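**Q** Residue strings, one per chain:
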Amino acid sequence: METIAFLVVAAAFASGSVLPAVLPSARAARVAGSLSAAIGAAAAAVLGVAVLASGTPWTLAGPQALTPIGGPLLVLDTLGAVFLCVMGLTGVPAALYAIAYLRPADSHPRGRLTHTLLNGFLAGLCLVPAAGNVLTFLFGWELMAVTSYLLVVADPAADDAPAAGLWYAAMTHAGFLALLAACLILAGDGPLDFASMRGAASALSPAAAGSVFALGLFAFGSKAGLVPVHVWLPRAHPAAPSHVSALMSGAMVKLGVYGALRLFFDLLPAGPAWWGGVILAAGIVTALTGVLYSVAESHLKRLLAYSTIENVGLIFVGLGFAMLMRGYGYPDLAAIGVVVCLLHTINHAVYKTLLFLEAGAVVHATHATSLEAYGGLIRRMPQTAILCLIGALSLAALPPLNGFTSEWLTFQALVAGARHTVPELAIWLPLALAGVALVAGLAAVSAVRLFGITFLALPRTPAAETATEVPRSMLAAAALPALACLALGILPGPLVTRLAGVAGDFGLPIARLQDGLGIGLPLAGSRFVPMALALVLVGCAGIVALALRARLGAATVRVDAAWNCGRAVQSARTEYTAAAFAEPLKRVFVGFYRPTQQIKVEVHPVSPYFVQSIGYRTRVTPWMEPKLYGPILAAVRWTSLQARRLQTGSIHVYLALLPAALVFLLFVSRWIR
Amino acid sequence: MIDAGVVTAQTLLLLLAAPAVAGYVRWLKARLQGRRGAGMLQPYFELRRTFAKHMVIADSASWIFHLAPFVLMAATVAAATLVPVVSAVQPADRLGDLFVLAALLMLGTVWLALGGLDPGTAFGGMGSSREMTVAALTEPTLAISVLALALATGSTSLGAIAGRVAATPAFALGPGHSLALAAFLIALLAETGRLPVDNPATHLELTMIHEAMILEYSGPYLGLILWASAVKMTLLLVLAANVFLPWGLATSLGPWAIAVGLAAIAAKLVVLGGLLALLETRLAKLRLFRVPELLAVSFTLALIAAASSFYTR
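Here the protein sequences line up with chains P and D, keeping their order. Using the working numbering, the letters of the first sequence correspond one by one to residues 1 to 673. Using the working numbering, the letters of the second sequence correspond one by one to residues 1 to 313.
Just so you know, these hints were derived from the structure itself, not from any lab. Computed from a predicted model, the values in this text were never measured in an experiment. Treat the hints with care, as some may be off.
So the derived label-pair ranges between C-beta atoms look like this [what the hints assert, rightly or not]: (1) P:A561 / D:L173: 54 to 60 Å; (2) D:G254 / P:A511: 31 to 37 Å; (3) P:T466 / D:F45: 45 to 51 Å; (4) D:L173 / P:G501: 42 to 48 Å; (5) D:L16 / P:P494: 38 to 44 Å.
Ideal Cβ positions, reconstructed from N, Cα and C, are used throughout, including at glycine.
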């Protein structure tokens, strides 16, 4: 079963990479490439589900020809299977969506390349969680990085794409180097497959383990978008085509989470508790930074990218909590942390895929990227509006949708941690809880703003006025994650049980979390049954509507101009904008945003008392980048200027440099031993 | 079956009594301000009149505007099912806990904010923006108050907390509990749009929060919103009364226990509602941008409460 699924995955991605290049018509290339990608992603999900159902790892070894680094080796255990399912959940809708979404690219010479790259990207995404040794892992990691870089810079019309691509490439390769170093330290002199590394890791000195922790946190944190190494994410995600943005936000950043889980819970032995504290704190800071920028951002896709940073922060809160609890010796609480981390990974993958696909639909229909250019789209794009509403309500963590389930479990985990453990945590965990609650509240503001300004009220531009609904296949593709949002929200029990099994495989067993139709926490003594709540909600709304049905007929309802406190004229220029909606929060958190304001007053030449026009411009530019990266960039520039002196043009000097470098490296390796 | 009956009866009691609580606060406020004021039953007459009226719907509104009052009412009722009103034996503990209750109230707020944005008027957008801001900033305080309760009682479920506190009065006299109550009461003012955060009686355009958001609603929809607001206020008052000061709650389903429970909650609502009216007569409305300072005070109180709850548990 597993092997057949794997063969389908490999065949689909291989044919999806080749067919677009050889097929005669651009249309056939597009359909074949996208369908192959969808089939491959679906088969990957089947493979993941099969391994999760059986609970036993699936292995496939190629010739281990290249000693000492080995050869291709696939080992899919339950942790990898969960992430392979995430790739499938995100990949299938994104690939199906591409069929109609990429039609305008048919006339474009680079169009075919996009389909090939999509298959390569998905293959890389699926290879990483299935890798069983360092070689396979790094190959998948690099395949994913290179193809996604090319997809980010694929659109020649986007003028910010090259800069975004450069940030992305620099960050991802810095991460790659850190990862390589971490793997080499971890393996020592032994072979570079995960099973042997697991054994070798227990012999590591505390200093070596600490450096593996730091390098791993940097590498995987930069892939996931942890503050302060998140800077590439809000640039790269909006620049890519929307189905690729969905894959990057829904699937690719999650591999950073996968790597962190694999390294900290599987390969490395349990470290000191403060490792968990560092990750927990980083998670809270990341979530707050992400949500605050997402509330203030007006570029639709960048808003979603910041919201991805927020959710990655919440995922790392679960992960940090688990490490903290393991460090203090509470395996059952650590298991809840792992479940929270995995559950939010899946939930976020589902609703962020939905939202990016719908953002793509809105941009597709209006050819505009700013929230201020939309308005009233609910009348022109009714199906898109419904799908986007489901995504926005999930994003706002409202019951009975899936975003709330993981938030509820996060709250419960933090409460249980504060109650059942040591005094110092009883101070810090409430602060973490407050942070998560604030993030949830601000996420609701962001979701209302996203949906309300885009779809409600009057159209603000002619483009929004003339928008039309997107093709049916794009709607159908986005309906898949929307259904998943509802299903996972209403019936989370079976999934939570599976995820608890993954925590059990880490040696962190846990009592049953699934409790009838709902989920219950044995430690905190609380239950949550979303299906019953959904029934109460629908039932109440239905009863009220029935009771009022006589009062809602045409005889008693008049449709007329808006009241608006008696203001006679209503136009799009008087309605609330995205910037105005965020203004109260910008003033509350003024110390964080540090906005710059420009006020330009033009007066009549005769007297300064006759004001002719007032211009007001305010900007929020993230201040972390110049503060943190400015010095690093300056240092890199200075070093490269110094290194330029070596380039004399004389071949004798170059030949002399070679043995000098060799001797230097020999000394270094001698010193390391 | 009995469980469902207990939950339904308590929910219905809350729904039907809510306008009277709102009317009592209004009446007492008028008396304290030296006015005669309308009778306590006035909100019932207002609801009857509003439900009988015809509606005018803005031509720029979509189906979101129509659906919002129903979702608000449903979410408020769903939140009300979780609250122990008369009996500490709360079968709805098996449905959800205090975090779920807070999320359900947020669900109603979010839909009402969408309804405010939908007609595209400046006031609607202004009200939605401000209401969402205040709601978001109140969340941390609510969460920490829940945490303080959970640290002391070992559960986040309402019935379990009430039962545990009633059984061990020492909890309720400890610093953690009383500080959490103070923090919760401030959060309650912000959540229900009372002074000093928002003035429920104002129609001065630029100072409105909640009223600006629902400006376009009329007729039965407005009736639903007014009723849901009254239920939300009553629900939070009952929560303050029964979770923080649970004495008098029925611990069995005998007629005598239920009678005592009814009398106890009525007396507590008289006191808490009186406190609310007194506060509203004594305090002026804060500027919108001073509200976060008030919420920061309540947040700090809640944090201290959580820490002291841990040490005195």
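**Q** Would you list, in rising numerical order, the hints stated earlier that this structure does not obey?
**A** Every hint satisfied by this model.
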